[in-house]
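> Using the sequences provided together with the hints, build the complete structure.
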Amino acid sequence: MNQSAAIVEIRNLGYTVNGRPILSGLDMHIARGGVTAVMGPSGTGKTTLLRLITGQLRANSGSIVVAGQDMRTARRADLYVLRRRMGMLFQSGALLTDLSVFENVAFPLREHTNLPQRLIRQLVLTKLQAVGLRGAAELMPSELSGGMNRRVALARAIVMDPEILIYDEPFVGLDPISLGVILRLIRRLNDALGITSVVVSHDVREISSVADQVFLLSGGKVAAHGTPADLESFPSDIVRQFIGGLADGPVPFHFPAPDYFGQLLSRDRRGVARPEAR
Amino acid sequence: MNILAELRLTVVESLSELGAMAHFLLRLLAACPRALLKVDLITKQIYNCGALSLVIIMLSGLFVGMVLGLQGFELLQRFGSEEALGTAAAIGLVKELGPVVTALLFAGRAGTALASELGLMRATDQISAMEMMAVDPIRRVVVPRFLGGVISMPLLAAIFSVIGIYGAQLVGVQFMGVDSGSFWSQMRSGVGLRDINEGIVKSCIFGVFCSLIAVYEGYYATPTAEGVGRATTRTVVTSAVVILFLDYLVTAAFL
Chain E
135 MNQSAAIVEI RNLGYTVNGR PILSGLDMHI ARGGVTAVMG PSGTGKTTLL RLITGQLRAN
195 SGSIVVAGQD MRTARRADLY VLRRRMGMLF QSGALLTDLS VFENVAFPLR EHTNLPQRLI
255 RQLVLTKLQA VGLRGAAELM PSELSGGMNR RVALARAIVM DPEILIYDEP FVGLDPISLG
315 VILRLIRRLN DALGITSVVV SHDVREISSV ADQVFLLSGG KVAAHGTPAD LESFPSDIVR
375 QFIGGLADGP VPFHFPAPDY FGQLLSRDRR GVARPEAR
Chain H
64 MNILAELRLT VVESLSELGA MAHFLLRLLA ACPRALLKVD LITKQIYNCG ALSLVIIMLS
124 GLFVGMVLGL QGFELLQRFG SEEALGTAAA IGLVKELGPV VTALLFAGRA GTALASELGL
184 MRATDQISAM EMMAVDPIRR VVVPRFLGGV ISMPLLAAIF SVIGIYGAQL VGVQFMGVDS
244 GSFWSQMRSG VGLRDINEGI VKSCIFGVFC SLIAVYEGYY ATPTAEGVGR ATTRTVVTSA
304 VVILFLDYLV TAAFL
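For the protein sequence lines, the chains are E and H, in the order given.
With the first letter of the first sequence counted as 1, position 59 gets the number 193 in the numbering used here; the numbers rise by one all the way through.
With the first letter of the second sequence counted as 1, position 106 gets the number 169 in the numbering used here; the numbers rise by one all the way through.
Calculated from the structure, these hints are not laboratory results.
Worth double-checking, as some hints may not be accurate.
As the list claims (entries may be wrong) - Chain E regions said to be covered by chain H (calculated; three or more residues, Cβ under 8 Å):
1) 203-217
2) 223-229
3) 242-250
C-beta: ideal position from N, C-alpha, C; glycine also.
And the structure:
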């Protein structure tokens, strides 16, 4: 892998909340172009990592450089300059509910450019055509289904022609058809626009079908890294548990609790005795 | 000892909250010049905060004025000076009831709407999405709402007072038989520019504080259903206390 072509370079990254480490000693190298998936069990720090990459959170230790910008020292103005080159698709779509579909997609253009109305219209319609929703331009976000909502958000994310496009759990709550549509769009937009895509997701099978490389996080570190095919034969219990969807393994099924029979037989009248270790 | 420690914690927390709010106000003021360029956004918020509050303000003004007319008449009649009803009602409305009741109603109607709207925007990632699009949400979302409230409040207070005076006149002159000529002429001679200025200053100050509290509580609401609910409640409670406290201060300053 060509080190100089990295768009996201993370070394020994550490992030703690109230003294509790969320990420520690994390290394990651995301090359320009291609689709990179970040996977891992819930609560392992995927969304935190994404917020660190986009500068919504600041790391406590290590280094994180995105498109040449050191995110640990970036000022607010630097972040805003960098974010003009980034697009992000939120899990909920995060469309502005008081604007129509057309105005939502036009929003970044109206805020950042002085393009004539005619050009804005053409750009917005082009992007809506790319996600198959040109006909829904006049609808309000409340009139869209979950899948359509996310496709509009995707059109908005690409309207400024970003260099890097970040997806936060893009498949959550979608029916198989919408899921397939989003999946194909991720690959198609990546190749057609020549951008870098970073997808945070739990959906192993789906994301493996479009990702070029996968990082599997566990316990705030990278547990495995490689192509989707590499990961299937990766010699690690956590990877096997995650890829195979096994209920028990290094990630336990049970949340820490006091002894089961002891609690059933105890005279404590409370419904639930809270475990000591939280 | 425990009570003292808790009291100390409460005082420290309240002071830090006050500091955070002052800092937020400075951020709003710094973003104002650029936000003023987008006149359409501010106009929309004046409509949301002001025009949509008109019905409740006008109805309340009418009833408050009618009660004032009735009580004032009853009291003044004892001294045989019911002609002074116009002055009493106008002074009461323009200096006190107009600004204060309008601000309390504003906090209940527009303040809660602002806080819950901003809180829900935070909860549904709309604020984060704007930040990710390199659009400052303070400038794009918060300042227009703040300015909408600040501009609307004195206008609403003025409308409240005018309708209130009409209500007092309705009861005093039409129902109770006070002489119409003395009602209006005594009002004209008894109410000075200083009284009107006091009302204007009060409603402007209440406008700034009510809008600030609403947008602050909404913008920093915990992004959950419970958090948004708490933000709207805090908006009303904090606004009410602050309005009544500031009312005393401004009244004292004008004496």
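> For the segment 242-250 of chain E, do three or more residues have a beta carbon lying closer than 8 Å to a beta carbon of chain H?
Contact hint for the segment 242-250 of chain E vs chain H: holds, 3 residues under 8 Å.
> Please verify the coverage claim for the segment 223-229 of chain E: does it have three or more residues whose C-beta sits within 8 Å of some C-beta in chain H?
holds (count 5)
> Counting residues of the segment 203-217 of chain E with a beta carbon closer than 8 Å to any beta carbon of chain H, are there 3 or more?
Our answer is that it holds, as 4 residues pass the Cβ test (under 8 Å) against chain H, meeting three.
Going down the numbered hints, you'll see the structure goes against none, and every one checks out.
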